[in-house]
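The hints should help you fit chains V and F onto chain U, whose structure is shown.
Here is what each chain is made of, one letter per residue.
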Amino acid sequence: MSSTAETAPAGPQAAGRWDSLIGPFVPVLHQLTRLAVLLFMVTTLLFFMLRLAGDPALVLAGNDATPEQLEAIRAQYGLDKPLIVQYFNYMGNLIQGDFGKSLASGERAMGKVLTMLPATLLIAGLAMAASICIAIPLGAWLGFKPERFDRRGVSGIIFVFQGVPGFVSALIFIQVFAVNLRWLPSLGMDYGNVKTWILPSASLAWFLMPSLTRVVAANTAEAMREDYIRTARAGGAPGYSLLWRHALPNALLGAAALIGTQFAFLVGGAVITETIFAWPGIGWLLIESTQTLDFPVVQALAFCIAILVFTVNAVTDLSFQYLDPRLRTKGN
Amino acid sequence: MVKPVVRIEDLSLEFISQAGAFEALKGISLDIGEGEIVGVVGESGSGKSVTAMNILQLLPRTKIRVPTGSINVLDHDVRAMSEKRLQQIRGGEVSMIFQEPMTALNPVLRVSDQINDVILRHKDVSALEAEEISLSLLEDTQIADPRRVYESYPHELSGGMRQRVMIAMAFSCSPKLIVADEPTTALDVTVQAQILRLLKERAEKTNTSVLLITHDLAVVAQLCNRVYVMYKGEFVEEGTTQDVIGNPQHVYTKALLNSLPEGKTPKSRLATVAAAMLEGGSNDKVIKSPVAATRIARSGDTVLEIKKGTVRYPKDYNFFGRPITFHTAVDHVSVDIKEGETLALVGESGCGKTSLANAVVGLNPLADGEIIYRGKNIKDHDPETRREIQIVFQDPQSSLDPRWPVWKIMTEPLTVGKSLDKAELRKRAGELCEMVGLEPDQIDRLPHEFSGGQRQRIAIGRALSVRPKLLVLDEPTSALDVSVQAQILNLLLDLQDEFGLTYLFISHDVAVVRHIADKVAVMYQSKVVEEGDTEQILSAPTHEYTRTLMNAVPSLEKAFAA
Amino acid sequence: MTEVKISRTAGLLGGSEGRTFSWDKIRQVANVEIVIAGTLFTIIAVIAIFGQFLQTHDPMQGDLLKRFTPPGQEGYFMGSDHLGRDLWSRMVDGLQWSMACAMTANVLNLLIGSTLGLLAAEKPGWLRIIVNQFVYTLQSFPGLVILICVVVVVGQGFITLVLTLGLLSWVVYMRVVYAEASSLSQREYVQAARLAGVSRWAIMFGHVLPGVRASLFVIFAFHFAGLLIAESALSFLGLGAPLGVPTWGNMLAESRQYMIRAPWMLVVPAGAIVTAVVTMNLVGDGIASLARKKGPSIDA
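Residue numbers (our numbering), protein chains in the order written: chain U, 1 to 332; chain V, 333 to 894; chain F, 895 to 1194.
Isolated chain U (complex conformation):
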């Protein structure tokens, strides 16, 4: 293409110094704007929704509280003010990094969330790692010659696995490995005891592994039909080189996007998994605090989850942009 790039004629939208200065960072700024809007929307919606749900004072005071006691509690937590005033107070504090105190325990809400976070990160990390370690070789193997009889069989099994919801597989794991075989504990966590990690992580991996495998397989199969594979074959490349050197790197670049977006799904899965295994992470905390209408904690949780998902997405995006030579040069 004969590209004659030039700046637009002078005018209100002409490229100013400002534009050229921030030019390279525009994508990053866009991401950050999106994050800001996301956080704003999540906090605002949650605030009004949770306030509509019920009166936390009732929960705090217990069923047999007198009206006076209720009033006192409301005054103590600022629940007696008009909703809109409460909202602005809340947002004001939020900007200063104050998420308020847990209604249930009086701890700082964000502090409570952050102490629970490592447990979730542990199983989420393990699940992610396990899924990737299984899905990539398995998907590559399936996608290399998808029409073969054995691959079709395994594909069928993966397909059924994909249809088993994560919480069902968790229950099946418990039934088999904890109840019948008695190999692993069914409940609770202990940082020192790796055995307690296995079932929750495996159940969580179930949310990601089958779909990731299928995507890697499909992408590999597609890459194997590309022209450059034909070129490589015509150059005498043997089968393994076609797959591992030529097809798979291309296939994985496509699957990377999925890993990022599936992390949100994984966090959703953590809620169920942690509840089933009584695993004290943020998912378990979410169920706990929504049921007791512990608003500050729910708000802090949502905030934390949004940032977590955003970070993982951004990191996968950036790292794969770096790995893809086509995107790498575009960025420069």
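Hints in this document: simulated from the structure, not taken from any laboratory.
Nothing here was measured: the structure is a model prediction, and the numbers come from that model.
It is possible that part of the hints are untrue.
To be verified - Output of the computed footprint for chain U on chain F, the stretches with three or more beta carbons under 8 Å from beta carbons of chain U:
(1) 1033-1045
(2) 1119-1127
(3) 1148-1159
Claimed, not checked - Simulated crosslink set (BS3-like; lysine-lysine; CA at most 30 Å straight-line):
(4) K711(V) <-> K859(V)
(5) K145(U) <-> K750(V)
(6) K740(V) <-> K1017(F)
(7) K640(V) <-> K801(V)
(8) K711(V) <-> K1017(F)
(9) K750(V) <-> K1017(F)
We treat Cβ as the ideally placed atom computed from N, Cα and C, and that holds for glycine.
Same frame as chain U, now just chains V and F:
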């Protein structure tokens, strides 16, 4: 005769699918001697690529059946070889060059890796030696800066550059034979000329045989010693290039040569293969028009005038999504067309000719300048008058809604603002079919039931439905085979004759332009560099670029003159 | 390139692809997966519609004397639970609940998502920005977490569950419709229609909507499976169906305390969920492969 490098004997091949077997090759025999450059010429679907792929056994073995025949490479039957032995042959004794320069190289591997892989696989050399060999190979392909190309990723190189890399790769292990499958089809003419010359020089220098697969007789004439003409899975004619092209024997070869616009009287009707082979002959009847009343005398008035037309595309955006830099696709271009005339815009890919065409029909806004239609800025015309300008796109596959029957496609423009009943529309569709040389009883079929040429007829019929005065034809024959191209060119000339249509004809093909256009404007890097009467411009070009272009165009005459 | 040409030619030789119905054509496109999907789907549909006539017991009435009956004994085809209620009959009730819930929510999703997708593709500008941000939000925030928060607020019950799922999980439709409609409106045949003066609406209903139809069917099936999972997960957590209503999620939750004594209490609802989800996934795959096989006529 010299000892053959490749000998194919009585080879038949069938593709097996759920729909049944399809016979792609019907007992073909071919041999290529040492140092010979042999062409296989044929149209799409004739089986020429299958032949090429089969020499290296690159077709999926589960999907084909080979009832008869043998393929001997250096006296060994490749069909009996193990996969391991084949891998030694591939890239070693026989290598290939493919058509698609954009996709044939792996996007995530550097050029260095891709060439070195082949060398290390076939030669007993160290990585360092391989690098040296690769660099000298790249140098041999006349790349100015081999080191930079060596370290590049494919997407950083132009199409021509990538094809040079493919050539370097193909020659890397001093093969006995190179199979080149349409190596220059996707390239611009000027680049094509360079690549072909390079291929020929390298082959002669290293005494390598070349099997060139192409649809382009002029390319064959320029390059090959011998040629095989392929038609429906058979070689219908074989001989030295001089004999086959100068004195064709088979009726298909004759028809194919006659269908080329090159060397024919401009605006004369071209012979077509279909008529010659007595198949689907109805496709080429002379139109008999039911709407002759609309015939317009050529007044010689200027219909369309583009004054300093400029088209820009936004390139970079600022934070708020406002474009801050632009790419200028059309740069202050001024041309005009008189009624009943054909103006051709000639140029290579990316020169801005399609952007200009889109601007004329209103698909692109002009950033600067104006388009005057019938003495008034086109923007000031009412929609009804603006419909007098219609467009026919390059690819008839994507320009027809795959879900609509032909009658609905053709009459869609008629439904605007009017409520015509279905019977009326179908009647009109039938008339349009006759105008463009389709059977009126085909109007209930879907686009995919038609061939490429027929689809282009449908697209032309749709454009004609609103009785346009000006047709913008954006490479209307580039996606078609030569013989089909002849049919469409005939149709366009007939229609112009019948209705006094004015054409703005966009093309990269100088032979076609010479055949159909009264005037020509040569576009280069967003500007019109030369403009005037077709014959004058094309036979005595004054601008540097036009001269380069004219020299680069492969032509039968030139090949024989040399 | 070669391969494309070949398959196109082979397709042409395989007889003219008219639009008439014929068993030959069915046989041509049908494969094992499609046959299995069709069979399972029919069975599920029959149970969903005629469930009342297929139940052997009252799903709510238990016989405490026959608690924990293993499958196949004493007339309990799938065994009985901790209150002596027939698991088969409860499973049938659960199927009807799940199907009704997923179907209604799915239709709501389809309507909201595809309307917004079409509008955003057709009318670029502020609407697109808002919708995109909305999609981004719903995408980068775990769906289940949103659902849990909402369900806690609106409370349990069929209507609230359906509305929550229906109003909150349409992003997938919106995203696909938006992407496909945007690409379709760049197609040359749409440009040709625009040049001929065809109105926006006529283009949308004539070219764009039929173009995305196949994808909508495919998403409908896959999303149906997703909604089945979401619904049973919420019920399992005690947030969806009211306690005591025989749904698969509730049955699973009840089974947890009797894993040693009566594993079939887990197996029956788990099997039901997996079968239903796999069936819907198979149906989605089947529709997708049919759409592909129709070849050039869809998604050229």
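Which of the listed hints are not met by the structure? When the structure is compared with the hints, only number 5 turns out to be violated.
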